[in-house]
Amino acid sequence: MKPIRYLLPAIAGAMLGLSAGQAAAQDAEFGCKILLCVASQNPSWQGVPYCVPPVMKLLAIRKVHPGYWPACPQAGTGKPGREEYEDCPAGSTPVNISAGTGGGDNGRERSIPGCAKPVQVACSSLIDRDEPGYYTRARRVADQLCSTTTTFPRAKRKDPYYFDIRNKETGKISRHYFNLRH
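Mapping of the sequence shown onto numbering that gives the first Met the number 0: position 62 corresponds to residue 61, and the numbering continues sequentially without gaps.
Please note that the accuracy of each hint is not assured.
Keeping only pairs whose Cα atoms sit at most 30 Å apart, straight-line, the calculated DSS-like set for lysine-lysine is [as the list claims (entries may be wrong)]:
#	residue 1	residue 2
1	K56	K78
2	K167	K62
3	K56	K116
4	K171	K62
5	K155	K171
6	K157	K56
7	K155	K62
8	K157	K116
9	K78	K116
10	K157	K171
11	K116	K62
12	K157	K167
13	K167	K116
14	K78	K62
These aren't lab readings, by the way, just hints derived from the structure by calculation.
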């Protein structure tokens, strides 16, 4: 068996109250096995032969019971969180961007997650359109510069699920992202 690197010893030790060297994923209950496997980063759970059967079992259960997630009381975790989209880049803030109406939306306006960033541009270069990525709200700052806001769609996360795991010794919480695709 290829060992689960990086997080396995710390998580297993925290969950089972053992030192990092004594903990092993094979000893954990189903929910804790799942937690240990999905927390594996390099390789991810798909690359750890021991992890594939329990995660495939979880995926089969979730097909019938979509909200199901096994508990791992020793780790103090419940269901994982989910963040579908990446964070906005520094200097920008999350917004919803109007995407107009779709043919199947019965004329209702849709919105998509995006980011907004204030920018300064030459006033003559402003384009007055109400589409993502174009300058939409401009005001004159000086003779040659205008302040405006540009918007752009947010990227989807490759690994949208996460667990926040507290280190019992330091009290620090670290977020570990993962996916359930096989």
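Item checked: Index of numbered hints that the structure contradicts, given in increasing order -> Result: hints 2, 3, 4, 9, 11 and 13 break, sorted rising.
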